[in-house]
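A.B. asks: Each chain is listed here by its residues.
Number of protein chains: 2
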Amino acid sequence: MSGHLAVVGLGPGDARCLTPEADEALAAAQALYGYGPYLDRVPARADQSRRASDNREERTRAAAALRHAALGARVAVVSGGDPGVFAMAAAVCEEIEAGPESFRLIDVTIVPGITAMLAVAARIGSPLGHDFCALSLSDNLKPWELIERRLDAAASTGFVIALYNPVSRARPWQFGAAIARLRRHLPPATPVVFGRAVTRPGEQISVITLDRADTAEADMATLVIVGSRDTRVIPRPGKLPLVYTPRAAAEVSA
Amino acid sequence: MSGHLAVVGLGPGDARCLTPEADEALAAAQALYGYGPYLDRVPARADQSRRASDNREERTRAAAALRHAALGARVAVVSGGDPGVFAMAAAVCEEIEAGPESFRLIDVTIVPGITAMLAVAARIGSPLGHDFCALSLSDNLKPWELIERRLDAAASTGFVIALYNPVSRARPWQFGAAIARLRRHLPPATPVVFGRAVTRPGEQISVITLDRADTAEADMATLVIVGSRDTRVIPRPGKLPLVYTPRAAAEVSA
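So the protein sequences, as listed, match chains X and S. Quick note on this note's numbering: the first sequence kicks off at 1 and runs consecutively. Quick note on this note's numbering: the second sequence kicks off at 255 and runs consecutively.
No lab work stands behind these hints, which were simulated from the structure alone. In this text the structure is predicted, and so the values were computed from the model without any measurement. Incorrect hints may appear among the rest.
[Said to hold, decoys possible] Here chain X is said to cover these stretches of chain S; the calculated rule only asks that three of the stretch's residues, wherever they fall, bring their Cβ under 8 angstroms from a Cβ of chain X:
(1) 316-323
(2) 369-379
(3) 391-402
(4) 440-451
[Unchecked claim] Only some residues are given here: those of chain S computed to face chain X with a beta carbon under 10 angstroms:
(5) GLY338
(6) GLU351
(7) CYS387
(8) SER460
(9) ILE462
(10) ARG486
(11) ILE488
[Stated by the list, open to error] Quick list of the computed label-pair ranges, beta carbon to beta carbon:
(12) X:LEU71 with S:LEU395: 51 to 57 angstroms
(13) X:PRO241 with S:ARG490: 44 to 50 angstroms
(14) S:PRO397 with X:PRO235: 27 to 33 angstroms
(15) X:ASN140 with S:ARG490: 28 to 34 angstroms
(16) S:PRO397 with X:ALA15: 42 to 48 angstroms
(17) S:ILE462 with X:ARG212: 43 to 49 angstroms
(18) X:PRO20 with S:ALA298: 18 to 24 angstroms
Virtual Cβ for every residue (Gly too), placed ideally from N, Cα, C.
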């Protein structure tokens, strides 16, 4: 009666980006748990229960799914993008560690997915073509000063930076502060990519320079990629430019 | 006659990790280009030409594929994992920038895939559950000193670190030097994950601590994830442990 829990990455949104492995895991589940808009991507089935919860209730959702699986059920927790990147897999692990011994007996499968930075990068070229980092701008679970130290460290040593969770209603100023911080390290012409709702209705992609980056352009559905000193833009007639970071890098000035 | 070039991410290897979008792009191509072992993953078809080339010939391969597409053909370049992460998309962009105007008229599509760090992370829990970076240890295209600066910056500010290309025949000592460098910043008990050939025959996953990490365990098919101070290991009876990095972080000591 140890049960099974799959944490399933739905990718950026378009069903064409959902892997067969994710499809199978969803099909095999007796019960689905997830943030409402993610659950809505999975076609309803009469023999499958579903429990939608709010965006901020990751731990409660993870615990409920684990309790259900511990009864011997096949349960799936759906996650946007990749479950291991600022998503549900860590919340599930936190609950397993904090929970009863029965949680450790559950057969847990994490099904990877296309995370937002890969989807956005693919749309515009290859901005993550060299060393890069992924940083959440949410200071709900870490101090803002730590985010600033990471921005400093990454920008000053030439990592391209993918910014997750740039903005929310409760966090209106953080993205602007991050851009201001990055301007201390990077030239004004550094390319910045805004990717909103990529592969979903309302998709928007724009490329701007760091000095002109307008933080009002980002919302909760936006993933931002800030280039390094090496990141380049190739203009193309009648098309979006290609943004890429060459595979070769010279020494970064200290 | 502008042609079409798709740069297609095959994911870690198992066909169940290949997205429908990648399948479609492969099916639509008249000609396939790629590193031999990656091409071998794509079933042969009589009406589709294929040109295999060596691992180190990325730019030559990209240029040949672009010339072919510029003649008006539908061409696909296959890439392991995600084409935008230490793979073919950047090489293609380099050739477009350096090449004739006709290359900029080609309709280019990058099809994202599950990159190795996501596949390895999913197998063992959620080690990338907090801020992280992806760093190639190859010093073919950048100076070793720059790699060391990036290791210092990432480890000292609490990024989890995914190490691509830890070892090759021509680069025997770099991985050991990187581990030694990381030991300056991180406690001996920091979890380290070795993921070899994940989702392919011969898959191996192991979890070790930084002080005991044996660099002889890594080869060209290995992706290594070095945790941060916050990364945790949950032992489980009769199963691999779960390794995860909690979503919350405290201040990192300077």
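A.B. asks: Flag every earlier hint the structure violates by its number, smallest first.
C.D. replies: 1, 4, 8, 9
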